[in-house]
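A.B. asks: Make the full structure from the sequences, and use the hints.
Listed below, chain by chain, are the residues.
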Amino acid sequence: AQSVTQPDARVTVSEGASLQLRCKYSYSGTPYLFWYVQYPRQGLQLLLKYYSGDPVVQGVNGFEAEFIKSNSSFHLRKASVHWSDSAVYFCAVSANYGSSGNKLIFGIGTLLSVKP
Amino acid sequence: AQTIHQWPVAEIKAVGSPLSLGCTIKGKSSPNLYWYWQATGGTLQQLFYSITVGQVESVVQLNLSASRPKDDQFILSTEKLLLSHSGFYLCAWSLWGSQNTLYFGAGTRLSVL
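Protein chains in written order, with my numbering: chain A, 1 to 116; chain B, 1 to 113.
Because the hints were derived from the structure by calculation, they are not lab data.
In this text the structure is predicted, and so the values were computed from the model without any measurement.
One or more of the hints may lead you astray.
Partner residues aside, some chain A positions facing chain B, computed with beta carbon under 10 Å [to be verified]:
hint : residue
1    : TYR36
2    : GLN42
3    : VAL88
4    : GLY109
5    : LYS115
Okay, the calculated beta carbon distance ranges per label pair [what the hints assert, rightly or not]:
hint : chain 1 : residue 1 : chain 2 : residue 2 : range
6    : B       : VAL15     : A       : ASN71     : 39 to 49 Å
7    : B       : GLN55     : A       : ARG77     : 33 to 43 Å
8    : A       : GLY62     : B       : SER65     : 24 to 34 Å
9    : A       : ARG77     : B       : SER17     : 43 to 53 Å
10   : A       : GLY62     : B       : LYS26     : 24 to 34 Å
11   : B       : SER111    : A       : ASP8      : 43 to 53 Å
12   : B       : GLY16     : A       : ARG77     : 46 to 56 Å
Simulated pairs of lysine to any residue, SDA-like, Cα-Cα distance not exceeding 25 Å [stated by the list, open to error]:
hint : chain 1 : residue 1 : chain 2 : residue 2
13   : A       : LYS103    : B       : TRP96
14   : A       : LYS103    : B       : GLY42
15   : B       : LYS28     : A       : THR5
Heads up, the beta-carbon is just placed ideally off N, CA and C, and yes, glycines get one too.
C.D. replies: So, in structure tokens, the structure goes:
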């Protein structure tokens with residue numbers, strides 16, 4: 001069965017520091033992988049996605065993620081965080097329902113707090 | 001450009017009362033539509049999906065139902081709310097050939113008292 005593990009429920013970093021949020025997935029086929037961000041009391045916004053090609057994918061607001069197949073990982077990185085990056089970050093893997101839609105399986109999320 | 005609108009923004013309802021939440025997608029033809037539920041501080045769980053008008057598939061049983069009366073509209077409802085229905089409800093859409101990418105609405109916060 002497909003699953004996503006985000007081992008860090010909460011991460012705190014100082015503004016300007018680098019960031020890595022960890023994500024490991026379990027999926028028997030070729031995965032579609034996503035990172036979403038949720039700001040307080042809002043819906044989810046897509047940060048980036050990977051489905052093929054260059055294993056390092058660039059997203060919005062300076063975020064990037066690297067797909068490492070041998071490690072089943074898709075960690076999110078940012079070189080220098082800003083206080084406005086404080087939010088909950090969800091990693092997700094897509095499981096197809098064959099030809100009928102698709103399903104995103106989410107991790108539990110990582111709450112990022114950026115200290116000024 | 002496509003827009004997704006959810007209503008209401010928030011609801012406070014009594015246990016045992018009925019509920020209807022709505023979602024409208026504009027700017028996309030024949031999208032796949034989804035309902036997700038998020039418990040407070042928790043992860044997201046898919047409830048329903050629909051690939052066409054009149055067809056809805058249930059993913060988990062939570063004493064809720066969904067309908068798709070029009071191509072651009074998705075409704076989530078129940079006749080009798082439970083305390084466990086509290087949480088954040090998110091509608092999402094995707095298109096064929098979009099690498100399975102889902103785009104979410106702003107959500108509806110439901111408190112059942």
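A.B. asks: Taken at face value, is the distance from the CA of TRP96 (chain B) to the CA of LYS103 (chain A) at most 25 Å?
C.D. replies: With Cα atoms ~13 Å apart, LYS103 (chain A) and TRP96 (chain B) stay inside 25 Å; holds.
A.B. asks: Could one say that the CB atoms of ARG77 (chain A) and SER17 (chain B) fall in the range 43 to 53 Å?
C.D. replies: 46 Å Cβ-Cβ, so the 43 to 53 Å window holds.
A.B. asks: In this structure, is the beta-carbon distance linking GLY62 (chain A) and LYS26 (chain B) contained in 24 to 34 Å?
C.D. replies: Cβ of GLY62 (chain A) to Cβ of LYS26 (chain B): about 30 Å, so the range 24 to 34 Å holds.
A.B. asks: Is the interface hint for TYR36 (chain A) satisfied, with its Cβ closer than 10 Å to some Cβ of chain B?
C.D. replies: OK, holds: TYR36 (chain A) within 10 Å of chain B, min 8 Å.
A.B. asks: Given a hint of 24 to 34 Å, does the C-beta separation of GLY62 (chain A) and SER65 (chain B) actually sit inside it?
C.D. replies: The hinted range 24 to 34 Å is violated for GLY62 (chain A) and SER65 (chain B), with Cβ atoms some 42 Å apart.
A.B. asks: Tell me if the beta carbons of GLY16 (chain B) and ARG77 (chain A) are separated by a distance inside 46 to 56 Å.
C.D. replies: Since GLY16 (chain B) and ARG77 (chain A) have Cβ atoms about 48 Å apart, the given range 46 to 56 Å holds.
A.B. asks: Could you grab the alpha-carbon distance between LYS28 (chain B) and THR5 (chain A) and see if it respects the 25 Å cut-off?
C.D. replies: Violated, because 33 Å separates the two Cα atoms, which is more than 25 Å.
A.B. asks: So, GLN42 (chain A) near chain B? Judge it on the closest CB pair being under 10 Å.
C.D. replies: 6 Å, holds
A.B. asks: Could you grab the alpha-carbon distance between LYS103 (chain A) and GLY42 (chain B) and see if it respects the 25 Å cut-off?
C.D. replies: 18 Å, holds
A.B. asks: Take a look at whether the Cβ-Cβ distance between VAL15 (chain B) and ASN71 (chain A) falls inside 39 to 49 Å.
C.D. replies: Holds - the Cβ-Cβ distance for VAL15 (chain B) and ASN71 (chain A), about 46 Å, lies within 39 to 49 Å.
A.B. asks: Go through the hint on VAL88 (chain A) and say holds or violated, using the shortest Cβ distance to chain B against 10 Å.
C.D. replies: At about 9 Å, which falls below the 10 Å cut-off, the nearest Cβ of chain B leaves the hint on VAL88 (chain A) intact, so it holds.
A.B. asks: Is the gap between the beta carbons of GLN55 (chain B) and ARG77 (chain A) within 33 to 43 Å?
C.D. replies: Distance hint for GLN55 (chain B), ARG77 (chain A) holds at roughly 40 Å.
Of the numbered hints listed earlier, those contradicted by the structure are 5, 8, 11 and 15.
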